[in-house]
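Undergrad: Dock chain W against chain U, hints included.
Residue numbers (the numbering used here), protein chains in the order written: chain U, 1 to 169; chain W, 170 to 427.
These are calculated hints, taken from the structure and not from any lab test. Even glycine gets a Cβ: it sits at the ideal position worked out from N, Cα and C. Check before you lean on any hint, since a few could be wrong.
Distance condition first, Cα-Cα at most 27 Å in a straight line; then the derived BS3-like pairs of lysine-lysine [stated by the list, open to error]: (1) W:373 - U:118; (2) U:47 - W:240; (3) U:85 - W:180; (4) U:85 - U:63; (5) W:426 - U:118; (6) U:47 - U:101; (7) W:180 - U:118; (8) W:240 - W:362; (9) W:373 - U:85; (10) U:63 - W:391; (11) U:103 - U:47; (12) U:63 - W:240; (13) W:240 - U:85; (14) U:118 - W:383.
Coverage of chain W stretches by chain U, computed from C-beta distances (three or more under 8 Å per stretch; other residues unrestricted) [unchecked claim]: (15) 225-238; (16) 306-313.
So the chains spell out like this:
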Amino acid sequence: MVILIMLQTKEEILNLLTEIHDPEIPVLNIVEMGIVSNILFDENEKKLIVEITPTYSGCPAMKVIEDEIRGLLFSNGYENVEVRKVYTPVWTTDLFTEETKQKLKEYGIAPPEGAAEKNFMIDFSTNPIECPFCRSRNTSLTSYFGSTSCKSLHLCTECRQPFEHFKCI
Amino acid sequence: MTYELEDKLRKNLFEYLIRLGDDKLILGHRLSEWCGHAPILEEDIALANIALDCIGQASALLSLAASVEGKGRSEDDLAYFRNEYQFKNLLLVEHPNIDFAYTITRQFFYEVYALYFYQELMKSRFEPLAGIAAKFINEIRYHLRHAREWMLRLGNGTEESHTKVQTAVDDLWQFTGELFFENELDDILCANKIIFNTTEIKSKWEEIVNLTLKEATLEIPKNEFMQSGGRLGKHSEHLGHLLAEMQIVARSYPGAKW
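With the rest of the complex left out, here is chain U (with noise of 0.2 Å):
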């Protein structure tokens, strides 16, 4: 098993645990969300160390996805491994690709738009998001809180589909 991670560099098990999808969007896998931020050997110990990050402090996600790489990472060898959470680097939506963003639209979750808001002051009801069905920005906010803390709650006025936007954090 060491000789196993001696061999195998940092993407190969990037690429491996993007098998691994995210239980409350399963259209999006854990790497491209985020969620995994770095991945270590410990020499001493041969050990193999994953680092997750929480999307939001609460996402009960969390535990499923370690659960998860322990899984995977085992039926390919690994057996020494210990996944860590970490809270630095912050997680944020600025992480997301343009395809990443793609997926999520095909999916009809509205991506994140622009870059995470700042000001706690701002109005939210005065920035219509397009409607990932069939593209109007005549739409209002229904409540910034959805099914999951990620989430926000929209209906468009065009086609009157409710639909929910992936915040920007």
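TA: What follows is chain W alone, placed relative to chain U:
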């Protein structure tokens, strides 16, 4: 994870992290009591989501506290196996929900403080704490946005909503002084640049609170008497009831996993 710290500093830092973690844990539990009872569905989801963030933040702070202590305790040991007098949270956060106006006002008073407090903490010389603070800020910002918008909506709403939120503001005002409580523990950590003096945080808190109350056509309370005791483990009768509910499963079945 273990940290190299001088014994006295270790003990003080542990005590301080307990304060911060307890604020989040108790507030999160209070908010979770709304789950299934909020006035509208969207608000039910909002309060439950904020509760979840608070409990997640408590978990980060209490597990850091446990590592700093270095006695093999876990975040769960700290949450479920301490008694009332060992909790160091603010009296404000243990205050019962009463009604929606009280819940929002409590949240608003706390989050304005939290925003400026954790912004300072991002500069902490104790890196794990600075990292956690940076993580929290993004969440605190939208919790505050939510609470502030409701303060405006309730204050500028109907006669009934206005009266209810004014009553909550008047009643909870006596617990806001404790937000800026400081004793020798703070002095030691300040001297080590782990935390920072709250004087500036207090003036920013007053500025945002006054501005928002004015915008919501609410009166700023004039009473100056402030309750305190939470930071020293002296609590209102409400905390015991909350802990009984929060801890009963863990204490009835120690070590149970689910």
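Undergrad: A separate judgement is required for each hint: does it hold in the structure or not?
TA: A quick look at each hint next to the structure:
1. At most 27 Å may separate the alpha-carbon atoms for a hinted pair to count; residue 373 of chain W and residue 118 of chain U meet this at roughly 17 Å.
2. This hinted pair checks out: residue 47 of chain U and residue 240 of chain W have alpha carbons roughly 24 Å apart, not beyond 27 Å.
3. Under the criterion of a C-alpha separation no larger than 27 Å, the hint pairing residue 85 of chain U with residue 180 of chain W is consistent with the structure, at around 24 Å.
4. Restraint check for residue 85 of chain U and residue 63 of chain U: the C-alpha separation of about 10 Å stays at or below 27 Å, so the hint holds.
5. Straight-line distance between C-alpha atoms of residue 426 of chain W and residue 118 of chain U comes to about 39 Å, which puts the hinted pair past the 27 Å bound.
6. Distance restraint check for residue 47 of chain U and residue 101 of chain U: the Cα-Cα separation of roughly 34 Å exceeds the 27 Å cut-off, and the hinted pair is therefore not satisfied.
7. Note on residue 180 of chain W and residue 118 of chain U: the hinted pairing is violated, with a Cα-Cα distance of about 35 Å set against a maximum of 27 Å.
8. Of the pairs offered as hints, the one joining residue 240 of chain W and residue 362 of chain W holds, with about 25 Å between alpha carbons and a cut-off of 27 Å not exceeded.
9. Our distance criterion of 27 Å between C-alpha atoms is broken by residue 373 of chain W and residue 85 of chain U, whose separation comes to about 33 Å.
10. For the hint pairing residue 63 of chain U with residue 391 of chain W, the CA-to-CA distance comes to about 48 Å; that exceeds 27 Å, so the pair is violated.
11. About 34 Å separates the Cα atoms of residue 103 of chain U and residue 47 of chain U, which puts this hinted pair outside 27 Å; it is violated.
12. The straight-line distance between the Cα atoms of residue 63 of chain U and residue 240 of chain W is roughly 24 Å, inside the 27 Å bound, and the hint therefore holds.
13. Of the pairs offered as hints, the one joining residue 240 of chain W and residue 85 of chain U holds, with about 20 Å between alpha carbons and a cut-off of 27 Å not exceeded.
14. For the proposed pair residue 118 of chain U and residue 383 of chain W, the alpha carbon gap of about 23 Å is at most 27 Å, so the pair holds.
15. Check result for the segment 225-238 of chain W against chain U: holds, 4 residues qualifying (beta carbon to beta carbon below 8 Å, three or more required).
16. Given as covered by chain U, the segment 306-313 of chain W passes the check, having 5 residues with a CB less than 8 Å from a CB of that chain where 3 are the minimum.
Of the hints listed earlier, those the structure fails to meet are numbers 5, 6, 7, 9, 10, 11, in rising order.
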